[in-house]
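So the sequence lines, in the order shown, correspond to chains A and B. If you use our numbering, the first sequence corresponds to residues 1 to 510, in order. If you use our numbering, the second sequence corresponds to residues 1 to 267, in order.
Among the clues, some could well be false.
Unchecked claim - Estimated spans, in silico, between C-beta atoms of each pair: (1) B:248 - A:11: 50 to 60 Å; (2) B:145 - A:311: 20 to 30 Å; (3) A:377 - B:47: 18 to 28 Å; (4) A:311 - B:146: 19 to 29 Å.
Note that these hints are calculated values from the structure, not bench results. From the three backbone atoms N, C-alpha and C, an ideal C-beta is built for every residue, glycine too.
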Amino acid sequence: MIGRLEGLKSYLLPQFLIDRDDYRCIRCEVCARQCAFEVHWYDEEEDAVFADESKCVGCLRCATLCPTNALVVRHNPTQHPPNANWTREVLQNIYKQSETGGVLLTGMGCDTDYPIYWDRIVLDASQVTNPSIDPLREPMELRTYLGAKPDALKVGRKGGKPSLETRITPQLKLETPIMFSAISYGAISYNACESLARAAAEAGTYYNTGEGGLHRNLYKYGEHTICQVASGRFGVHADYLEVAAALEIKIGQGAKPGIGGHLPGEKVSAEISRTRMIPKGTDALSPAPHHDIYSIEDLAQLIYALKEATHWSKPVSVKIAAVHNSAAIASGMVRAGADIIVLDGIRGGTGAAPTMIRDNVGIPIELALAAVDDRLRQEGIRNRASIVVAGGIRSSADVVKAIALGADAVYIGTAALVALGCHVCQKCYTGKCNWGIATQDPYLSKRLNPEVGARRLVNLLRAWSHEIMEMLGGMGINAIESLRGNRLRLRGVGLTREELDILGIKHAGA
Amino acid sequence: MKIDVDHHAGLPGVFMRVDGRVKINARHLHYRELNNMIKGAASEGVEEIVVENVFGQRYIGSGIRRPVRIVIHGVPGNDLGAFMDGPRITVDRNAQDGVGNTMNSGLIVVHGRAGDIVAMGMRGGRIFIRDGVGYRAAIHMKEYRKLRPVLVIGGDTQDFLGEYMAGGLVIVLGLKGGKGKRSRFRARHIGTGMHGGLIFLRGEIEEHQLGKEAVAVPATQEDKELIRPFVEEYAGYFAADAASIMGSDFLKIYARSHRPFGGLYAY
Ligand code: SF4
Ligand code: SF4
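Isolated chain A (complex conformation) (with noise of 0.2 Å):
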């Protein structure tokens, strides 16, 4: 006998609080009208807002917007019993499964405290020797270009002048080594995806579709578009694959490597269905493997299959999550084709994933990235692909760590959705985003308006590409290219001997 259990008081405890000063309150409603969790509520009786913490998720759409800051959400400070082993988190995990027999769901990245190497890298810079360089008054070059590069260039001569005969694969051209991972429509409403495809534009860099295909009003922004082809194929046809600027195939993803995923029929709507081409209110299935791809034989085809289909005019890229053997694996990868590798760390973002996998499946980016940029210069292959990393790219000085070591670019998507105004409650998968990101409900996805929202990526990428030119120029250096895999730049605090062998670099003060 299994289901839920209804109509009998629940054992968990509310994870937040709610405390209204009454003497700021001005009875607006603001709060009850935001909350779609419908926490708060206004008594005329009473003349009075109550609030029912049990639904609170943390968003702090309330707090944010009480025009007389008469709210303060805090967690929940009530103790379980001390003990180590079972903790606040492990109980009402279990408590919640007892009542509803259901796998734990969870949104946005892995939340536990395993070791973020970003923040036990440190950065160098120029003292008395090769002189900093002021990235205001001299010229700094944040351009990046993703895709093959060759072994060789080979520059002949045509009518007297030098030209370049090598022929260069199709490359994506970035102003600033950050793009917008993968996140589909579906997870994300329209609004969201229309501020990512802006501000990529705008910026010149991309976003990514994710695998929920792409509407037909973004068609416009398919220079600045990448389309994944992922394994439930959806929204895949000829006009999808054409518009793109590169094609990206999903094996996996950070937040749960090995599973496949599934959108919930209930948020397939009529504007979904158009884009994923599938009937409105089935369950959109994506399965764990691609089933053509059960070998890198079986991925080099898929990636060739590819390239046929669109003439050869853009690159192809592959991601996985980053996992124990990411490093043979993208050698495999390589080989096969890929013109960019994507890794995807156990900090990756989703929309919705089991809590089990997203905390316990992966392994961080760092250690990945560096294992893998290893790998490929020991095989020589480096060049053949561009590396791109994402999976809890926080700031400015993680991108430059990344590049540092060894990632030619970066994919940002939980700092992207926090700059629309996301506030990491890790509800994305009840789709009630109060911050009209996560949601398919007109009423919440019209507070992201597009244009706002463009507007705060752009300024996000302005002020992060200025901070990673300050941090060049102090070390010295003019061009992200010339910091690409400079690992000598990198020292660790605080690491193991054997973390600093799998990153690279040295302690500092060596």
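Chain A is already provided as a structure; the job is to place chain B with the ligands on it using the hints.
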């Protein structure tokens, strides 16, 4: 792309024009060269492209968006018609894996058998295979509005027929060598994870051969009317006896639910 017509037929890659048709000799050609020539001819607007001596070249028909006829003599390689949107392909021998992978529209007729994952993720168009097919035929086939893919298999199939199937129509005739002899289906895990579409099997299966997400019932006369035009089309291509095929009993297999994973999660 402009095509130079050369009349030294017989040499690899040589083009010939015969009564408005283009003939290509595929012997020793790499698939890229061959597909370039086929695409070039298609973009010129020819109606029919006859490709001779095909020997394992992949992706034929991919990346073409016109309803051009492509006649293949020989055995095409994997992913015949992958992502295809329009062409009508005939193969006079067997085909390999991935026929009609993620195909959107068009027609593929194979006068022989085909390998694994025929019609994977297929969303539109029709595929007719005279004999049997390998594993995972019609896996994740789907439909959308007017796009309704049809796969007709003359022989039988191996395991995982219609796995994850989300739409479309699959008809398995169980003919032996193109004759009326009905074979016993050995495939297991039929319709595993199925959540849409229909499979018609001419013959019987045991309960254990069916995935738990699929249901099999005897097809009614009304059900059979649904498949009649495609059985007749099959019979037309391969000179089979449509009336006798339609006279036998079919099983109809459909999805237990469009929401196989509803209620799986703790909200
Ligand atoms: S938004 Fe603030 S002021 Fe308005 S009702 Fe809620 S708590 Fe009171
Ligand atoms: S996108 Fe919305 S639901 Fe998801 S974590 Fe951010 S605020 Fe919460």
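Tested hints:
1. B:248 - A:11: 50 to 60 Å: holds, 59 Å
2. B:145 - A:311: 20 to 30 Å: holds, 28 Å
3. A:377 - B:47: 18 to 28 Å: Violated: the Cβ-Cβ distance is about 52 Å, outside 18 to 28 Å.
4. A:311 - B:146: 19 to 29 Å: Holds, since residue 311 of chain A and residue 146 of chain B (Cβ atoms, about 27 Å apart) stay within the stated range.
Against the hints set out earlier in the document, a violation occurs for number 3 only.
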